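Q: Please construct the entire structure, taking both the sequences and the accompanying hints into account.
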Amino acid sequence: MRPPATITRLRPRQPTPPTALQLATTTSLAPPPAPSRQTQTRSFSRLFPPTPVDPRRRAASTSASNTDWLAWLKKAGPLSVLSGDETPRRALILPGLGSYPHTPQAATPSSIAVWEQASEALLNPDATIGYWTEGMEEFAGMLQGGGGHGMRGWLRGWVEGRSLDELMARADVTAAFILSSSIAILASEQERSGSSSLLPRGTGYLAGHGFVGTLTALVASGRLDLTTGVRLARMYASLPAAPASLPNQRHSTTVLSARHYHSLSSPSQSVPFEDPFGEWGDVQRRKRAMQLILDEVHALQHEWEVEGQGDWAEAAVINSSKVLSVTGTSMAVEQLIDRLQSLTLANPVMEVKMPCPYHTRLMLHAVPKFADTLQRCIFSHAKEGDPVILDPITTRNICGSPEGALLSHLTNQLRWHKTLTRIYSQPSPPVDQFLTVGRGAKGLGVMLRGELKKRPAGAPAISVDEYGVQEAQRAEEGASSRSANTRPVRPVRIPARL
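Read in order, the letters of the sequence shown are residues 1 to 498 in full-length UniProt numbering.
No lab work stands behind these hints, which were simulated from the structure alone. Check before you lean on any hint, since a few could be wrong.
Claimed, not checked - Derived lysine-lysine pairs resembling DSS-like cross-links, with alpha carbons at most 30 Å apart:
1. LYS353 with LYS369
2. LYS353 with LYS442
3. LYS453 with LYS442
4. LYS442 with LYS454
As the list claims (entries may be wrong) - Pair by pair, the computed Cβ-Cβ distance ranges are:
5. HIS302 with SER196: 53 to 59 Å
6. GLY161 with THR87: 44 to 50 Å
7. SER428 with VAL306: 43 to 49 Å
Since this is a predicted model, take the numbers as computed values, not measurements. In this text, a Cβ means the ideal position worked out from N, Cα and C, and glycines have one as well.
A: Now the structure itself:
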């Protein structure tokens, strides 16, 4: 019997590597590489931008899970401080990094102690949370000054004689100033009233604008010590604006104002501002101006994703029913503004020089390191009867550890309008007064007054007043009477409540 034949697999012939001469000849004769399809699409779209789609003919891309604030608000549960207690309360509004900082008009021993403690915290490292003093060398001599009797509270005079551009050029110091200023105002009023609490009597709710405002609310309520709060504010404003792989990426932030009427709607199809809890009529006729703007933002985001060139912008902050801030790469923000203006949906109001593209996905690179920083901080939990601190990202009460709520300010949309609407529309107990802390929160109060005017007829009266602005002149005279050779008051530590 013949044995089976052996099958031999032949190896394919290996090509001979080209010589250096052949390689050089081939390279010199090769045609230039053809541009990619993405590059061609990007260039074509820049030269011949497509006509925007009529917003009335496109279904809304917003939903309850992203930026449809009216639908989201209807599903929100009521706020509650104390069950069964319906005594009207106050709500404190605290400014954030986007607010214009002002030096408090008057000083008291308590407020001076706050400024000294904050100034000292900025110039001393804390390895526990990873805080270091690089970049603060120019302020190091202020702790001692001439003859050892210097300005221990040097931070209080930080904004004097500086323009807004100069202040935002050192946004890290400005962020710490804004937090310290609000706490100093509360400390002054506490000293004058003789209250046992840093918060005004009857305070039921605290809402801070952005990360710095929320951080201020945590310090004011005793859930975080002042020293750590000031350092966190500076660290937040010192985060890298772009990942290391994109060192030249430029970003911008622009405030926009929505129009009541636009060219795509006749007066009978205007954009009304009605009770958000009222019944819906014709969806197309009652489509809000903010909804139209957000639809355009989402449409452009889809185009940027298809092009894949790194352009991106978002509606980072919604301050009211007609005011929002868009943040993103510079080219994307310009393209978005052009689109909204061409549709007469919104007009640019001002450009804000923010240190980072906060509240957008462009800050994803900073999340891991900053999350580790927040985990190292010691926060105390809220106790029964404490004022409610609203998270302006989710508009929910910050009950447990606030690390997650603070971290979300890097990448999530700031829903300031929703937060305030929920306070004055659904709380238990109700709110009869809003207090804007300091002159820096004046703009927030102006927008809030406009929103309160749109409440239905017969709604309970709610006032909006400034707090800590009209201070006693004698306190200012007492502070200015201190001699230059007199040592300042020793800082009074404001620890977190354990």
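Q: Given the range 53 to 59 Å, decide if the beta-carbon distance of HIS302 to SER196 lies inside it.
A: holds (55 Å)
Q: Is the hinted range of 44 to 50 Å satisfied by the C-beta distance from GLY161 to THR87?
A: This hint holds: roughly 45 Å between Cβ atoms.
Q: Assess, step by step, whether the Cα of LYS353 is no farther than 30 Å from the Cα of LYS442, and give holds or violated.
A: holds (19 Å)
Q: Holds or violated: LYS453 and LYS442, Cα atoms, limit 30 Å.
A: Cα-Cα ~17 Å, so holds.
Q: Can you confirm whether the C-alpha distance between LYS442 and LYS454 stays at or below 30 Å?
A: Given pair LYS442, LYS454 holds - Cα atoms ~19 Å apart, limit 30 Å.
Q: With 43 to 49 Å as the target window, see if SER428 and VAL306 comply at their CB atoms.
A: holds (47 Å)
Q: Given the hinted pair LYS353 and LYS369, is their alpha-carbon gap at most 30 Å?
A: holds (24 Å)
In the structure shown, no violation is registered for any of the earlier numbered hints.
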